[in-house]
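*Asks:* Sequences and hints are given; from them, build the entire structure.
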Amino acid sequence: MADTLHNAPIVLDNGSGTIRAGFAGEDAPKCYFPSYVGRPKHLRVLAGALEGDVFIGQKAQELRGLLKIRYPLEHGIVTDWDDMEKIWQHVYTEELKTLSEEHPVLLTEPPLNPRSNRDTAAQILFETFNVPALFTSIQAVLSLYASGRTTGIVLDSGDGVSHAVPVYEGFAINNSIRRIDVAGRDVTEHMQTLLRKSGYIFHTSAEKEVVRMIKEKTSYLALDPKKEEKDWATGNARQDGKTVEYTLPDGQKLKIGPERFRAPEILFDPE
Numbered sequence: 001m002a003d004t005l006h007n008a009p010i011v012l013d014n015g016s017g018t019i020r021a022g023f024a025g026e027d028a029p030k031c032y033f034p035s036y037v038g039r040p041k042h043l044r045v046l047a048g049a050l051e052g053d054v055f056i057g058q059k060a061q062e063l064r065g066l067l068k069i070r071y072p073l074e075h076g077i078v079t080d081w082d083d084m085e086k087i088w089q090h091v092y093t094e095e096l097k098t099l100s101e102e103h104p105v106l107l108t109e110p111p112l113n114p115r116s117n118r119d120t121a122a123q124i125l126f127e128t129f130n131v132p133a134l135f136t137s138i139q140a141v142l143s144l145y146a147s148g149r150t151t152g153i154v155l156d157s158g159d160g161v162s163h164a165v166p167v168y169e170g171f172a173i174n175n176s177i178r179r180i181d182v183a184g185r186d187v188t189e190h191m192q193t194l195l196r197k198s199g200y201i202f203h204t205s206a207e208k209e210v211v212r213m214i215k216e217k218t219s220y221l222a223l224d225p226k227k228e229e230k231d232w233a234t235g236n237a238r239q240d241g242k243t244v245e246y247t248l249p250d251g252q253k254l255k256i257g258p259e260r261f262r263a264p265e266i267l268f269d270p271e
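Going letter by letter, the sequence shown gives residues 1 to 271 in UniProt numbering.
These are computed hints drawn from the structure, not numbers from a lab. Keep in mind that the hints are not guaranteed to be accurate.
Below, computed lysine to any residue pairings styled on SDA-like, alpha-carbon distance capped at 25 angstroms [stated by the list, open to error]:
no.	residue 1	residue 2
1	LYS242	ARG196
2	LYS217	ILE69
3	LYS208	ARG196
4	LYS86	LEU66
5	LYS30	LEU134
6	LYS208	TYR246
7	LYS197	PRO249
8	LYS41	ASP80
9	LYS59	SER205
10	LYS41	ASP53
11	LYS217	ASP250
12	LYS41	GLY65
13	LYS68	ARG212
14	LYS217	LEU66
15	LYS217	THR18
16	LYS59	THR98
17	LYS226	THR193
18	LYS217	GLY251
19	LYS68	TYR200
20	LYS41	GLN61
21	LYS226	ARG238
22	LYS242	GLU229
23	LYS226	ASP186
Each pair of labels, with its calculated beta carbon distance range [unchecked claim]:
no.	residue 1	residue 2	range
24	ILE173	LEU99	33 to 41 angstroms
25	LEU66	THR18	18 to 26 angstroms
26	ILE153	ILE201	39 to 47 angstroms
27	ALA24	ASN236	46 to 54 angstroms
28	GLN58	THR79	22 to 30 angstroms
29	LEU99	ASN175	39 to 47 angstroms
30	LYS230	LEU66	38 to 46 angstroms
31	LEU63	ALA146	31 to 39 angstroms
Glycine included, every Cβ here is placed at the ideal spot set by N, Cα and C.
*Replies:* Right under this line is the structure:
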């Protein structure tokens, strides 16, 4: 036990949209992939698939068109611990290729998360993975450390939750934290709605991943949303070349117009 505590700790950066993991002290994570679990929609279509099969990481991304995709984290809170456990198992066995009982763990979490969420994570890591030691820390504080500071205000908008966290000498000031459960995934859903109004229908969970990629590649923030709306209404924006063409995985091409700036506006005007 004492020897394992001297091994390099493993950092599990659990995000609602992606998970990053690696060894403490290294410059970059060893693995970085979307934190979803895929299950075959139709067993006959996916050769060799068995009932109960799950796909995680690179394999899930490659086969996402044939899978029903589910994120175990919503707004920073784990809603499906079985799937979360499967993702951690994949990290240890397929990505880091190490034994969980040989390395202490640093687990990140958003601020103001329920105590029960942390307790269940600790229970799984200690009882199922037999980790020798565990420390949980707020993501915003670690971001500040990474920039070489211990005091500051961190504005963090991820996939599931956005928050502003004042940090003084390495400690988050809890009663001053502001958190809102509107983030990247809500921008994706808003983009999906806007595209539907334009006649582009995306139904399945796999197609929603395509919408996420459209959002990431084409969206931009308007400095003056009212002026931007006026430009699109008068046709000036089209003349300025702000309409872009996006090629879908099946080769079909979409024209993305004012949806590009309207989607992220939900972050500034959630109502």
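*Asks:* To test your reading of the hints: which numbers does this structure violate?
*Replies:* none
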